[in-house]
Amino acid sequence: MIDETTSETLDLSNIQGNILKGYRSDLQYVRHIALEVKDRAAARSFLARSVAGKDSGVPAITRATLWADPGPEICFNIGITFEGMRALGLPSAMLESFPTEFVEGMAKRSLKIGDFGESAAVNWAAPFDGSNRLHIIATVYAKDRARLGRVQADIARAFNVLGERDGWARSDVNVLGPAYANDGSPDNRVFFGYADSITQPRFKVPQYPDPPTTQPIAPYGTVLLGYETPLEGVRFRVPMNDELGKDGTFNSFRILAQDVQAFEAYLDEAAGLLMQLEKDQHRQVLPADGEKDIPHVKDRFGAIREFVAAQICGRWRNGTPVDKWPYAPLPNPTPEQLHDFDYDGDSPCPAGAHIRRASPRDGQIVQRAANYARQLVRRGMPYGPDFDPAKPDKAERGLLGSFIGASIGAQFEAVMCDWINLGLHNPDITRFNDPMIGANATETSVFDLRLHDGKNCRLRGFPRFVRTRGGAYAFLPSINAIEYLAKLEG
Amino acid sequence: MADDGGWLGRFVDRLPDQGWFKFLSTHVVVPFWWWREPKPKLPGGPRMAVQPGENLQRMMNLIMPLKDKTPVGRATIAMALGQNLDTLYSGLDNVGTIHFARFIIVENNLCMISTYDGDFSSYVRDFIVSIGSVFDAILVHIEGGDAVVPTKEHVEAFVDWVHDRDLFQWPDFATDLFALQDEAMGVPADRPPHEIASLSRAAVLQMKANPNLSLGSGFRSYPGFSAAQIRSKFGEGW
Ligand code: HEM
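Protein sequences appear in the order of chains G and Z.
Residue numbering for the first sequence follows this note's numbering, starting at 145 and increasing by one per position.
Residue numbering for the second sequence follows this note's numbering, starting at 3 and increasing by one per position.
Same shape as in the complex, but just chain G (with noise of 0.2 angstroms):
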């Protein structure tokens, strides 16, 4: 699986620059557009002018290519639904060589992945909202978000904009509240509190400089459509053709709302549980004094209080991992120690953490094949007001997220169903569910905690904490076959 020899050469010019790498140290903020098509002559020769990129009418699509400082003022990409291809033109015979699970779209493949209940497509919000219009979701990323509005101006040229939606970049201060102003924390943060984007699949191109882990090199096929994929001696069907459909890829793009303030309430209702735990039982929840290496948090309750949403992350909210540093947080963690850890042996990290059910890594598992072969490019950026602890309330705000690889169904849909919602991987966890993202309901949420004493301590009771609110499967086509599908006819 992990060849560090391959002979496989990338053309960084034909790939769309979003795959390979994210755009957030540059440029914060982002708007997802979503687009119908109602005029093909109109969409067709704005996707020419787009690749074109010499009309100051018309964004660029941005490439995978390295940029020269400074970087661009704006980046820009598309993604194309099946229903989108169709109203593109494309002939019927390109249309089935496209997978299942892409043909039928997001939202007929709820109960796969997890979509019911408040979440199920039915209650989805427009304009990400399993429609059938839905044809391009353009991506602009932005410096401002000024910026963000003339280019949607100009898209709207070409096409009937049926809505969009809009993320920007946070620290601390905007996730966790005023306590945390000036922290220095970069702007990775997520809803929850937590440092997000830290992991990637870790790709060896000979022009990005090496990303600073010792995680085995992933095959270019995990994420571009027409090279040696993760399973070993497996190909994912080329869609389009071998030459069209090489460099492309998928995207589950999820809009999920995130319920802060019942996350925040939990911690508060576990904390107070495992204190009575160690006071009626002396038990050992943290080590004695545990509480003085954790930063932030004024007593011991509100060091559990971090403790356990470190244990349901599988990252202390600063990123530092729960593998290596079980009892309190790096202040500081370099990249490497960020990135270095593998759940080798007995890990202290819990088997249904987040970040260990969605990438087990070396892990031992149950699907002895899969510890690598399910991964994901992850992008996503934070969208909503900012949240305050002190003053809490119900606004939506969540993640914007788009989960990027070369296969919907063996990667995304893969890892949602088996490992995040049925935790079939390992066999303590199997039949629960993640308890940050997972389809939980308070009547059956189960997640066993790993306690300093050694021992597990399960707690039950929480609530679903992320619903989904929209999203769609998109085609992220090479250049290439953007250039194709703009001379079409007809």
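Everything labelled a hint here was simulated from the structure, so no lab data went into it.
Glycine included, each C-beta is placed from N, C-alpha and C at the ideal position.
The reader is advised that the hints may include incorrect statements.
If you want the ones that stay clear, here's a sample from chain Z, every Cβ over 10 angstroms from chain G, calculated [stated by the list, open to error]:
#	residue
1	32
2	52
3	173
4	240
In silico lysine-lysine, BS3-like type, Cα no more than 27 angstroms apart, as pairs [as the list claims (entries may be wrong)]:
#	chain 1	residue 1	chain 2	residue 2
5	G	423	G	599
6	G	348	G	390
7	G	182	G	198
8	Z	43	G	252
9	G	390	G	165
10	Z	43	Z	210
11	G	423	G	165
12	G	390	G	538
13	Z	210	Z	235
14	G	390	Z	235
15	Z	24	G	348
16	Z	235	G	599
17	Z	43	Z	24
18	G	252	Z	210
19	G	348	G	468
Fit chain Z with the ligand to the given chain G structure using the hints.
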């Protein structure tokens, strides 16, 4: 009406045993209704459930028609399987989520009956990763098998192929049939509401669309535990 023992009730009750009525329903009534409201073939395999425990110990009844429907053809497939049985079983073990699997030949069909945990596509995909080449040796003797060989290069098509040949599982609650039919026809579920009295007609027409099927999701003598949970409980590792 039929409960009062009146003559009409008795007449209607006895209808299904009457030869002329059987003839009429088979050759006139069913074809007429089929013409009026044909039902799409419903997809095979278990459906995903909201309760995680329901997504364990799921059934696959894969029916694969033999190309050669003679005793020699049956012997050929038996040999192809027999020669690879050890590899096949160690591959199934490697997948990790399979409880049981067996192969039977019925009416010139090779059938693979198995019980597995979790997502169907992941099960089939992991299976191909483990023992794709062995399965390829079997598929060349199966009608339509050539189109998906070698399986490792046709994973998506092979998952669909298996799904298509996995028996439709009749819903455990009879009235759920309406929702499945609505879904397959792409119309809103139960709008307008289905008359309960039309259930038997819907059932007969569905049996026409899916002549082979599994009656319900089957019996479990213990609640849904995964294969790995059971192995680990008995100290057999996982
Ligand atoms: C609102 C919803 C979500 C939140 C708040 C969230 C939060 C996080 C955080 C804080 C991390 C750790 C940072 C990192 O390692 O980069 C993480 C990692 C990860 N998440 Fe999520 N996540 C969400 C949804 C999802 C979904 C839907 C999936 C699955 C498809 C997913 C898959 C992953 C994966 C694969 C990792 C990296 C695990 C590793 O390799 O260590 N997340 N997430």
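Hint check results:
Distance check on residue 32 of chain Z: its Cβ is at least 31 angstroms (rounded) from any Cβ of chain G, clearing the 10 angstroms threshold; non-interface status holds. Annotated as non-interface, residue 52 of chain Z brings its C-beta within 10 angstroms of a C-beta of chain G; the closest such distance is 5 angstroms. No beta-carbon of chain G comes within 10 angstroms of the beta-carbon of residue 173 of chain Z; the shortest separation is about 14 angstroms. With a cut of 10 angstroms on Cβ distances, residue 240 of chain Z falls inside the contact zone with chain G, its closest approach being about 5 angstroms.
Restraint check: the Cα-Cα separation between residue 423 of chain G and residue 599 of chain G comes to about 16 angstroms, which is no more than 27 angstroms; the hinted pair holds. Among the hinted pairs, residue 348 of chain G with residue 390 of chain G is consistent with the structure: their alpha-carbon atoms are about 18 angstroms apart, no more than 27 angstroms. For the suggested pair residue 182 of chain G and residue 198 of chain G, the alpha carbons sit about 24 angstroms apart, so the restraint of at most 27 angstroms is met. As the CA atoms of residue 43 of chain Z and residue 252 of chain G are separated by approximately 18 angstroms, the hinted pair is consistent with the 27 angstroms bound.
Our distance criterion of 27 angstroms between C-alpha atoms is met by residue 390 of chain G and residue 165 of chain G, whose separation comes to about 18 angstroms. The suggested pairing of residue 43 of chain Z with residue 210 of chain Z holds, with an alpha-carbon distance near 9 angstroms, which does not exceed 27 angstroms. Simply put, residue 423 of chain G and residue 165 of chain G have alpha-carbon atoms about 49 angstroms apart, too far for the 27 angstroms limit, and the pair is violated. This hinted pair does not check out: residue 390 of chain G and residue 538 of chain G have alpha carbons roughly 44 angstroms apart, beyond 27 angstroms.
A C-alpha spacing of about 44 angstroms is found between residue 210 of chain Z and residue 235 of chain Z, which places the hinted pair above 27 angstroms, so the restraint is violated. With a C-alpha separation of about 46 angstroms, the suggested pair residue 390 of chain G and residue 235 of chain Z falls outside the 27 angstroms cut-off, and the hint is violated. A threshold of 27 angstroms between alpha carbons decides the hint, and for residue 24 of chain Z with residue 348 of chain G the separation of about 70 angstroms lies outside it, so the pair is violated. Taken as a hint, the residue 235 of chain Z and residue 599 of chain G pair is honoured in the structure, with Cα atoms around 19 angstroms apart against an allowance of 27 angstroms.
Between the alpha carbons of residue 43 of chain Z and residue 24 of chain Z the distance comes to roughly 24 angstroms, so the proposed pair stays at or under 27 angstroms and holds. Between residue 252 of chain G and residue 210 of chain Z the alpha-carbon distance is near 26 angstroms, which keeps this suggested pair within the 27 angstroms criterion. As the CA atoms of residue 348 of chain G and residue 468 of chain G are separated by approximately 26 angstroms, the hinted pair is consistent with the 27 angstroms bound.
Hint compliance for this structure: hints 2, 4, 11, 12, 13, 14, 15 are not met, and every other hint is.
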